[in-house]
Amino acid sequence: MPINGNADPALLTRYAPTMSSLDTEALTLPDVKVLQVIYEIDDSVMAELLPPALHPTIPPTMHVIGLRADDGPLGAFTVAIVRVGCRAAVRPRGLPTRAVCTEGEAATALEERWGFPITIGEPVLRERYDRQSIEVNDGNVTVLSAQLVDPVPIGNGDLLYTAGMHVATVEREGETRPWLVQVDPEFEVSRADRGSAQIDAFDSNFWDAPDLRPVYPIVASYTTANITLPKIRYICDPMQPAISGTVAL
Amino acid sequence: MKFGIFYEISVPRPWENDIEHEVYHRCLEQVRVADEVGFHSVWAVEHHFLEEYSHCSAPELFLTACAMQTKQIRVGHGIVVCVPQFNHPIRAAERAAVLDILSDGRLEFGTGRSATWTELGGMDANPDETKETWDEYTRTIPQMWTNERYGYEGRAFRMPTRAVLPKPYQKPHPPMWVAVSSPGTEIDAAERGMGSLGLTFGGFAEQEEKVNRYRSRIRDCEPAGLFVNERVATVNFLYCHPDNETGIKTGSRLTGSFGYLAAQLLPVREVHPTRSYPNPGLLAATRQQAAQNPGEGVSAPEGVCIGNPDRLVEEIKKWESCGVDQINFLLNALETIPQEEVLDSLRLFGEEVMPHFADDKPATTSEPRELAATVAAGD
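Chains as they are written, first to last, in my numbering: chain G, 1417 to 1665; chain B, 77 to 455.
Simulated from the structure, these hints should not be mistaken for lab results.
Check each hint, because a few of them may be wrong.
Some, not all, of what chain G presents toward chain B, calculated at C-beta under 8 Å [said to hold, decoys possible]:
hint, residue
1, M1417
2, P1418
3, I1454
4, R1503
5, V1506
6, P1508
7, V1565
8, P1567
9, D1574
10, L1576
11, R1610
12, S1612
13, Q1614
14, I1634
15, T1662
16, L1665
FRET-style restraints, in silico, Cβ to Cβ [to be verified]:
hint, chain 1, residue 1, chain 2, residue 2, range
17, B, P354, G, A1664, 29 to 39 Å
18, B, S397, G, A1664, 36 to 46 Å
19, G, L1665, B, P90, 31 to 41 Å
20, B, H432, G, T1444, 55 to 65 Å
21, B, I95, G, E1538, 31 to 41 Å
22, G, A1426, B, E92, 47 to 57 Å
23, B, P248, G, A1664, 50 to 60 Å
24, B, R225, G, R1544, 32 to 42 Å
25, B, K393, G, D1566, 54 to 64 Å
26, G, T1558, B, R238, 33 to 43 Å
27, G, D1566, B, E416, 42 to 52 Å
Think of the CB as a built atom: it goes at the ideal place given N, C-alpha and C, for glycine as much as any other residue.
Can you build the whole structure from these sequences, using the hints too?
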């Protein structure tokens, strides 16, 4: 049967937020710029990056995602997210290892209401005619620099974004413990480009994904979209296969 | 209604103790039994890098072995990947012709283009180009087979005039098929006068719509080959057991394992947005089925051929009423079902199900030219 994750649970929960309630209402963020850079990763550590509930894809992948909202219900913000591509049973998913967000209402909401593993920082999403990029610095060190190069327009319906499985400490039914929280935003895309993927800097330790190494570019996309962050519908025990450990709320 | 068997050749981990050797030889034993029982054809996929799901990367070799060990069953490429990084079109034409000769004219030639990044990325092929290259292959390969010499200047390849040898045994050439996984591909098959080789596990209503679209469009087709192969095949699972509950329970393990494996691979559409792959394709379809049927409990999804002979007859008659000409059965995945049970299932199917579908006469090997003429006339 497929390879299961075997990540150290302590490592998985290092940046995991606490969600005091799973009763989150959906929220739409208008006209968000979305950069997604997808790479194949070194397969020797693919199982160590995921909890037992999840399987690595064949081949294993990582998603670098940059979001920038210039306005909207959470105000202006930028967030950079690193995810490991995976499967929850038969469903395509991504497991965020860490996210860096500008300080403000958005950082708090993303962390507390949808379980993003947020660290406050200064990610920068840049839009040029020949490329779009996301960059994150930790002090004087660039810990992430990823780009879409040579954008060409594609159909708004050509893109597929996969849902996230966010590790969060959840207080539920009198017990506080880590769960995987399924976050499946809806994307209403109004403009989309595709181009070559390029990662120029990536510090796997900073992103809480030891030994994760991007090795082969797949593709990058850049869109403008209305993103609806969902009401939480499912959680999953990170230590059990998703097919048996998933709980509908 | 004709019946075939269909191989992905799924090999479970750990890949040690000669497991691949064992699985391949079990498949060959199944093919020999299927031939004796009276199945019409054996099909083998071409897949690369699909861990556990399919270790069938050289189907022409497997099918040659099948042909050498059997007398009547036809051998089907299901399919040849028509992308230059996988197969040069001249080599595809040559290999198919040799297989047709060695099998005494029993080849069915399926064409397709792959739907996973796992494979296309691994071969460094551009997903944007695969529809175009497939189209080019389907037009040029029949020309290579039927012209003494042939030259071509095109998008995917070019060749000065040469004799592509040998020529197929069946005249004018083997029947050609198109892999149909995404909705709408049946139209591609119809417009080119090729058989529709269904590779997804949809329900009756979906299949009936596809068949109607196919039959309607093929009337005005421009054949890619030298004749029209108007046939609709679909794929299914097979586990036949005297006890219905046991049959469904065991068969559900097969369907669940297959779908679960398929879901771990990367469809092109998931990671590489392109108009060339507007739908997730085969893998998503199998994933969807697995989700509906995770291998627990004793209910069988609509149309899935698991259970006792009575249930299978009932389900197959429904497929027949949808206009399906042939069903190709997957027999195992991950070696979930022990070999003896697979063989018993095949034999029981032959004894108690096949007789209900009287027109399922095995294809002849002694009169390939006559067979080709029959196919040319619309079968």
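* Indices of hints not satisfied (ascending) -> 7, 8, 12, 13, 15, 16, 21, 22, 24, 26 and 27
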